[in-house]
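Undergrad: Protein chains in written order, with this note's numbering: chain A, 1 to 222; chain B, 1 to 222.
Derived by calculation from the structure, the hints in this document are not laboratory data.
Keep in mind that the hints are not guaranteed to be accurate.
To be verified - With a cut-off of at most 27 Å between alpha-carbon atoms, the simulated DSSO-like pairs for lysine-lysine come out as follows: (1) B:K35 - A:K108; (2) A:K108 - B:K56; (3) A:K127 - B:K127; (4) B:K108 - A:K56; (5) B:K82 - B:K108; (6) B:K56 - B:K82; (7) B:K108 - A:K127; (8) B:K56 - B:K108; (9) A:K35 - A:K56; (10) A:K108 - A:K82.
As the structure is a computational prediction, the values presented were derived from the model and not from experiment.
2 protein chains.
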Amino acid sequence: MPNGSRTEGGAVPSAVVNRLSMYLRELHHLLADGKQTISSSQLGRRLGFTDAQVRKDLAHFGHFGHPGIGYRCDELIDEIRKILGTDRQWNVGLVGVGNLGHALLGYKGFASQGFRIVAAFDADPAKQGQDIDGVPVYSSASLAEEVRRLRIDLGIIAVPATYAQATADMLVAAGVSGILNFAPFTVSVPEGVSKVGVDLARELEQVTFSVMSRLRAAAEPS
Amino acid sequence: MPNGSRTEGGAVPSAVVNRLSMYLRELHHLLADGKQTISSSQLGRRLGFTDAQVRKDLAHFGHFGHPGIGYRCDELIDEIRKILGTDRQWNVGLVGVGNLGHALLGYKGFASQGFRIVAAFDADPAKQGQDIDGVPVYSSASLAEEVRRLRIDLGIIAVPATYAQATADMLVAAGVSGILNFAPFTVSVPEGVSKVGVDLARELEQVTFSVMSRLRAAAEPS
Numbered sequence: 001m002p003n004g005s006r007t008e009g010g011a012v013p014s015a016v017v018n019r020l021s022m023y024l025r026e027l028h029h030l031l032a033d034g035k036q037t038i039s040s041s042q043l044g045r046r047l048g049f050t051d052a053q054v055r056k057d058l059a060h061f062g063h064f065g066h067p068g069i070g071y072r073c074d075e076l077i078d079e080i081r082k083i084l085g086t087d088r089q090w091n092v093g094l095v096g097v098g099n100l101g102h103a104l105l106g107y108k109g110f111a112s113q114g115f116r117i118v119a120a121f122d123a124d125p126a127k128q129g130q131d132i133d134g135v136p137v138y139s140s141a142s143l144a145e146e147v148r149r150l151r152i153d154l155g156i157i158a159v160p161a162t163y164a165q166a167t168a169d170m171l172v173a174a175g176v177s178g179i180l181n182f183a184p185f186t187v188s189v190p191e192g193v194s195k196v197g198v199d200l201a202r203e204l205e206q207v208t209f210s211v212m213s214r215l216r217a218a219a220e221p222s
Numbered sequence: 001m002p003n004g005s006r007t008e009g010g011a012v013p014s015a016v017v018n019r020l021s022m023y024l025r026e027l028h029h030l031l032a033d034g035k036q037t038i039s040s041s042q043l044g045r046r047l048g049f050t051d052a053q054v055r056k057d058l059a060h061f062g063h064f065g066h067p068g069i070g071y072r073c074d075e076l077i078d079e080i081r082k083i084l085g086t087d088r089q090w091n092v093g094l095v096g097v098g099n100l101g102h103a104l105l106g107y108k109g110f111a112s113q114g115f116r117i118v119a120a121f122d123a124d125p126a127k128q129g130q131d132i133d134g135v136p137v138y139s140s141a142s143l144a145e146e147v148r149r150l151r152i153d154l155g156i157i158a159v160p161a162t163y164a165q166a167t168a169d170m171l172v173a174a175g176v177s178g179i180l181n182f183a184p185f186t187v188s189v190p191e192g193v194s195k196v197g198v199d200l201a202r203e204l205e206q207v208t209f210s211v212m213s214r215l216r217a218a219a220e221p222s
């Protein structure tokens, strides 16, 4: 199967992984609303997918439904968290405490999914020793030491593009398993390290593509 | 075809649109390196996709290759920009000038793809009248007026989750065509407006999924 994805190291397309994340969020909403079970068509409809899509996505990983019942929300949450690896806590180190780094340190969406930013790093001595949203800022020079001491699994790169590769190299040398890169530069990592690049312009291109598709469809004779 | 995507309003999966963005970036690199033409297998290899994937993605939109030559880089760049809608400039308004808003105003990746942030909006009077990276900050109350005056096409939501829906409503009422939402809250928009939600934890889940896939593969007897 072609990978067709930004995620490396697996045969499952990143679009499937992306939808698993969306199913997980929706199942949490359902549980919070007191719903115990849901069918694939109900789950799909709430997110704009077909029931076949939901079943196909989950079939990559096993059989999770119950005949005549559908999915048990709490059970499926556990299973998806296991698949995504978020049934455990991940310690995250963030490199680069500029505006973006600040924003990420204050981002509420990480902790709720099992990601705990335990340290931030910056080359600027004026920032070192600060505490931002409960996260201490260390010198970049101490990165390797702190990654080991704090058992940091994942690194987030929030430095300018020119420092992105050097930062990735430092994180890899320190022993992280995966990297999320926000710098507008494609970093190289060795095979045993996972990486995902966030390109914010690409997200805007999804919006304009959708706008243009609508305009094109409206212009077509029906 | 199931949509299977975060993008609304089109039958083409968002994963395809995502890859078009990646092809576009790579073609720009190739042109900058003095390369005039490229085959689907060369383009695919540079990004970790098969040549079949590249051809299938482009076949959604037409026939762009030349027998015995492959793709002409400049020609394919023009075609992909037309498909994505980035062959024109889009005026963008950003709402919420906190850390994330600041980071987005300074993000270099938007302008290079045809996105021009022409105005920022914030409810805090202390921020109004400021100029951040060349972008003036207006009061949220003047949003409708400025969207019309500055011909703003797209809105970026960078406010806290509790204000996300009200901000989306204001942008829609003001007449934007599309919205990119960074708030950790799913906003509703009417059918004629495109929206994409950015969930940063979902990006980290792509990383952990890849890490877990690697660990699972290593644990399997070969």
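Undergrad: Are the hints correct? Go through all of them and say.
TA: Here is what the structure says about each hint:
1. B:K35 - A:K108: 44 Å, violated
2. A:K108 - B:K56: 38 Å, violated
3. A:K127 - B:K127: Between K127 of chain A and K127 of chain B the Cα gap is close to 23 Å, so the pair holds against 27 Å.
4. B:K108 - A:K56: Measuring from Cα to Cα gives roughly 38 Å; hence the hint is violated.
5. B:K82 - B:K108: 22 Å, holds
6. B:K56 - B:K82: This hinted pair holds, its Cα atoms lying about 18 Å apart.
7. B:K108 - A:K127: Holds, at roughly 23 Å.
8. B:K56 - B:K108: Violated, because 31 Å separates the two Cα atoms, which is more than 27 Å.
9. A:K35 - A:K56: 23 Å, holds
10. A:K108 - A:K82: Roughly 22 Å between the alpha carbons, so the hint for K108 of chain A and K82 of chain A holds.
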